[in-house]
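Chains as they are written, first to last, in the working numbering: chain A, 1 to 576; chain B, 1 to 553.
Keep in mind the hints are simulated off the structure, nothing from the lab.
Keep in mind that the hints are not guaranteed to be accurate.
The calculated lysine-lysine pairs, modelled on DSS-like cross-linking and capped at a C-alpha distance of 27 Å, are [to be verified]:
1) B:K360 / A:K237
2) B:K110 / B:K182
3) A:K57 / B:K302
4) B:K241 / A:K57
5) A:K519 / A:K552
6) A:K440 / A:K473
7) A:K345 / A:K552
Pulled from the structure, derived: some chain B residues nowhere near chain A, Cβ distances all over 10 Å [stated by the list, open to error]:
8) N45
9) S49
10) V126
11) R148
12) S161
13) R174
14) Q294
15) E315
16) L461
17) P462
Some residues of chain B that are not near chain A, with every Cβ distance over 12 Å (derived) [as the list claims (entries may be wrong)]:
18) V153
19) M164
20) T522
21) M526
Using N, Cα and C, we set each Cβ at its ideal position, and we do this for glycine too.
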Amino acid sequence: MKTRILILLIALFLPVSAQQQRGTITGRVVTDEGTPLSGVTVMLASYNGSASPSTLKRALTDQEGNFQFTNLAAHSYTINVTETLGYVAPSYPPNVPRPVYRIGENVTLRLTRGGVITGRVTYANGDPMIGVYVSAIRIRDANGAPINIQSPFLARMTDDRGVYRVYGVSAGTYVVAVNQGGAIFYGQQTPFDGDAPTYYPSATRDTAVEIQVQTGIESSGIDIRHRSERGFAVSGKITGGSESTGPRSFAASAIIRTFPTGLNAGIAIAESGTGGFSFLGLPDGEYELVAEMGSSDSDGNQLSEPRRVAVRGSDVTGIELRLMPMASIAGKVVLEPSPNVCDPKAKSSLEELTLISRREEKPTDSPALLQRYQVVLAPDDKGEFKLNRLAAGRYRIETNLPGENWFVKAISSGASAASPARAGTSTAATKPANTTDLAKLGALLKSGERLTGVTFTIADGAASLRGKIAPAKDGGKLPSRLRVFLVPAEATATDDVLRYGEALTSDGSFVFTNFAPGKYWLLAKPVADAEPTDRMPSPVAWDAAERLKLRKAAEAAKTEIELKPCQRVKDHVLRY
Amino acid sequence: MLKLFSTMFVLFLALTTVAAQPPKQKEATATVSGTVTLNGSAVRNAVVSLQAQNQPVPQQPLRAKTDTDGRFHFAEVAAGQYMISALTPGFYSASDFQYGFPGRTLNVGKGETIENIELQLKRGAVITGRVTDENDELIAETQVQLQRVGDRVSLRQNMLSLDMYRTDDRGVYRIYGLPPGKYHVSVGSSARDGLISFQNVRASIEQTFHPDATDQAKAKVVELEEGQIATDVNIRIGKRKNSYEVSGRVLDGQTGQPVVGVNLELRFIQPTTGRVSGWVVSSGSRTDANGEFQLLGLHPGKYIMSIRAAAGKDEYFNDPITIEVTDGDLAGIEIRAQRGAVISGWAVIEGTTDPAILAKRPQINLNAATEDSTFAFNQRSARVRTDGSFQIGGLSAGKKRLIAYTGATGFSLVRIEQNGAPIKDNQVEVRAGEEIKNVRFVFAHSTAAIRGRVEFVGGTLPEGISINVMIQPVERGSTNGKTAQVDARGLFVVAGLLPGEYTLRLSASYPQLSTQEISLLTRKIMNHTQRVSVAKDSQIQLTITIDLSQEGR
């Protein structure tokens with residue numbers, strides 16, 4: 001009898017080993033009108049085992065658009081659909097993590113029917129321009145919000161009549177360019193290398209005419225007359241970089257983008273031996289270059305500091321991009337025994353959560369480099385993790401947790417793990433003095449720095465809050481984009497960054513899950529129209545001064561709510 | 001087309017006398033100029049590319065643009081072999097038929113002034129149409145294949161023009177820039193060549209020719225004149241065939257551990273003849289961290305599966321297994337990989353300690369190939385390292401022939417030896433898992449070269465013909481023969497010959513199918529043979545005249 005109780009207790013507090021549990025993810029691919037798409041390839045990748053998701057399995061949808069992946073371990077997965085037949089997958093802004101899927105879930109993936117842009121490209125004398133790439137570059141999304149990082153973009157070639165057809169274009173506002181980013185094609189030379197891009201109708205980027213693209217609609221007659229302007233060259237060499245002893249399967253490459261719009265203007269592979277690179281056909285303007293080199297060992301990746309270059313009427317030579325090793329954060333995720341267990345039957349595993357590195361941005365940061373600063377992975381079956389391939393900077397770690405029962409209690413680096421919970425202890429963290437609160441301060445990493453011993457503490461008993469914003473006066477109108485803040489109300493929680501939340505909403509509904517129980521305020525603020533959709537700004541709570549401002553405003557709004565352990569609030573109304 | 005200009009002849013003669021002068025202080029560079037024409041008229045603003053060939057490190061090509069008179073000019077050209085071509089999408093030139101590469105070979109001598117290179121363009125023809133199925137549903141994003149009918153002209157395709165070989169969202173394709181002639185247009189994968197559908201779709205398309213024929217004999221030929229636009233070349237496919245998935249894993253035969261990062265190669269076995277197709281398909285099939293692989297889009301049939309290691313991990317091989325796909329997915333295929341035998345040693349250059357010459361060793365590629373099998377599964381190669389050592393791994397047991405590829409290094413293989421004893425016939429017997437050490441590939445380096453010119457009198461050559469010069473040592477059993485292509489001006493260069501006696505012969509290849517006239521011509525060309533004596537580091541000048549008017553021989 002005694003042994004049985006003991007086993008039961010252990011089962012309550014320890015996550016089930018992933019080896020015991022296997023399951024299935026099922027799903028369906030449909031168009032935005034709801035019709036199933038058959039014969040579409042769906043790819044499953046896992047965040048477990050390496051920093052970048054690697055495709056594990058593929059499946060093809062059947063006549064009803066259904067697919068399934070069976071016999072999967074209890075890990076963290078992501079699913080991609082190959083775009084097909086002019087249908088487009090949803091685009092995720094570069095620093096917003098993709099959804100994480102777990103076994104037992106059913107997924108619906110929606111593809112929207114893209115629009116089409118078509119027209120004819122000619123030289124000034126009317127001759128067709130044959131075999132040149134035309135790109136559709138998205139500058140605003142379907143709601144009109146600006147897009148900051150303007151790549152990747154769709155490109156198709158003109159035919160013998162100079163006619164091009166770009167299809168599978170998601171709704172939004174575009175500019176159309178001829179020969180943009182010509183050197184992207186890795187050394188395959190085209191007749192147009194060295195020509196500056198021309199924008200519809202016969203303009204530079206500044207004077208380009210914008211085109212609205214709508215779902216399923218063809219915008220024809222988008223004819224472009226080539227300006228035949230020479231662009232300039234930017235060249236230099238990539239230095240640094242350790243010699244690999246084995247056969248060289250990775251080469252260093254340099255990428256040049258316009259600044260600050262982040263439009264890809266070329267990728268060049270470094271010449272082996274000299275490390276030399278060159279970009280052709282660049283019009284006057286501001287650019288940013290960065291060099292990188294991959295490695296089969298994930299700790300071996302290298303990145304250079306971004307380098308700003310101005311092209312003003314002549315070639316720019318002698319740019320040196322120095323490769324430097326990348327940093328990492330390593331540690332362990334620990335599930336702390338908790339007095340509150342929301343669902344004793346739940347069998348979540350540590351391998352089902354993902355950790356996401358997020359870099360604190362500076363105003364001088366290049367928007368295009370945001371993609372480099374986010375690494376997502378799941379810990380192993382012991383809870384150990386290593387986020388690597390990080391560029392220098394100050395980082396915090398965010399999570400995507402399985403289910404709604406867990407919350408993050410503390411993230412710290414230094415000597416101790418989190419102290420065990422005692423009956424009656426408040427949920428405010430108490431830590432010995434020689435640890436660093438990484439949630440509050442972040443980890444400042446230099447190039448190649450390896451931070452170890454990070455403890456990521458999770459506990460059971462989380463609460464969630466779902467609700468809707470309603471106008472203060474019935475019939476009043478809400479701004480198109482609002483941001484809702486969840487602010488811990490206790491005075492002792494001022495600096496407990498993990499208890500602050502923010503959610504962006506365009507239809508007024510908001511969801512907060514996986515929060516520590518306690519007292520909270522809710523606050524809604526409008527989002528500036530100029531804020532781009534493709535870039536989530538750093539959470540306000542990361543900055544001490546901003547936290548105070550937020551608390552003041554939240555307190556004044558007098559919208560306190562108490563969340564008890566394991567409580568699920570469903571229809572909370574917040575007046576704005 | 002080989003056009004002969006008297007000016008070039010005079011220049012060539014001038015060169016032979018110039019060679020006697022003492023070398024200049026500064027390295028003289030050459031200039032190359034000429035015109036681009038379309039039906040005799042100048043083409044302006046055309047980009048011409050001059051790309052150096054046989055470089056250890058790929059070089060950026062030189063580019064020039066034609067002026068209002070259609071003239072281009074390259075200055076400061078280093079000596080060497082080049083490919084010159086006009087980058088003019090939508091147009092083609094006769095020389096595009098040589099080996100399917102755009103452009104013509106050009107041998108540039110030091111400080112030479114090369115003029116009057118004419119790149120003659122013709123307007124390409126166009127084939128366009130729509131692909132639908134039996135329900136009139138359009139088939140989007142599908143690969144379209146073109147085959148020449150009645151000759152061996154190979155169509156120029158580079159990565160940039162692949163776009164046009166796919167149908168768009170309306171099922172429409174448009175392929176331009178084609179040389180005139182007869183074509184078959186089809187979509188889908190052929191039953192003959194190995195049936196993996198690259199589109200990875202569950203229901204794949206059986207090869208269907210315009211307008212709706214799965215039997216090539218019933219395909220309609222599209223005949224194009226120069227610059228003609230053929231529209232409505234539509235293809236209607238029938239019911240699609242099911243394709244299936246094959247999955248499994250690769251394990252180390254001894255330890256049972258998963259083998260990570262190897263590619264699976266499948267070869268289709270012809271059902272009627274039992275012949276193994278040479279066509280290898282291995283896309284998307286690298287084993288993951290658990291040693292697992294997954295291949296989608298396979299048609300029913302018998303296949304031979306073998307593993308091929310990724311670069312740098314070539315320790316494993318497997319005894320190829322046969323699988324049969326009938327009417328369902330195949331799962332749980334287990335492949336036991338074995339650690340292969342290893343041949344290691346050194347590449348040695350006799351008679352020199354010059355570091356500049358030794359630095360060329362990494363350009364040598366060494367190969368150990370299975371000598372006796374019906375399929376070339378177990379061929380492994382390795383590049384010589386900077387210190388001269390090499391290691392070829394992942395070899396199956398059996399007799400292996402050792403081959404060295406020396407490219408343009410000027411090295412010639414003198415002998416192969418192990419532990420001081422020469423290896424007979426360059427063949428070694430390898431036992432399973434054996435380590436064969438201390439193998440030495442011994443090379444000699446030579447700067448001896450033959451610079452020659454081939455002249456044809458008394459007749460014209462067919463368009464698109466390509467002439468090669470073959471230099472073979474008189475001594476039997478030697479593998480140090482070299483070949484060189486005769487360029488646009490009739491010039492050729494054969495370099496890196498070891499001292500000795502050689503026989504020189506010519507060969508011809510051309511895109512047209514053989515006619516009696518062409519056969520006669522070829523015979524005359526191939527009948528030519530002459531003896532050449534090569535002394536150490538000697539520079540030999542030759543002129544070969546072929547008389548096409550002579551009756552028979």
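So, going through the hints one by one against the coordinates:
1. B:K360 / A:K237: 24 Å, holds
2. B:K110 / B:K182: 43 Å, violated
3. A:K57 / B:K302: Between A:K57 and B:K302 the Cα gap is close to 24 Å, so the pair holds against 27 Å.
4. B:K241 / A:K57: 22 Å, holds
5. A:K519 / A:K552: 15 Å, holds
6. A:K440 / A:K473: It is violated: about 38 Å lies between the C-alpha atoms, which goes past 27 Å.
7. A:K345 / A:K552: 41 Å, violated
8. N45: Non-interface label on B:N45 violated, nearest chain A Cβ at 8 Å vs cutoff 10 Å.
9. S49: Violated, since 6 Å does not exceed 10 Å.
10. V126: 6 Å, violated
11. R148: Fine: 19 Å to the nearest Cβ keeps B:R148 off the interface.
12. S161: 7 Å, violated
13. R174: Contrary to the label, B:R174 does not stay out of reach of chain A, its closest Cβ about 5 Å off (not over 10 Å).
14. Q294: Not fine: 6 Å to the nearest Cβ puts B:Q294 too close to chain A.
15. E315: 13 Å, holds
16. L461: It holds; B:L461 is separated from chain A by about 29 Å at its closest Cβ, greater than 10 Å.
17. P462: It holds; B:P462 is separated from chain A by about 27 Å at its closest Cβ, greater than 10 Å.
18. V153: 19 Å, holds
19. M164: 7 Å, violated
20. T522: 35 Å, holds
21. M526: 36 Å, holds
Taken one by one, the earlier hints fail for this structure at numbers 2, 6, 7, 8, 9, 10, 12, 13, 14, 19, listed in ascending order.
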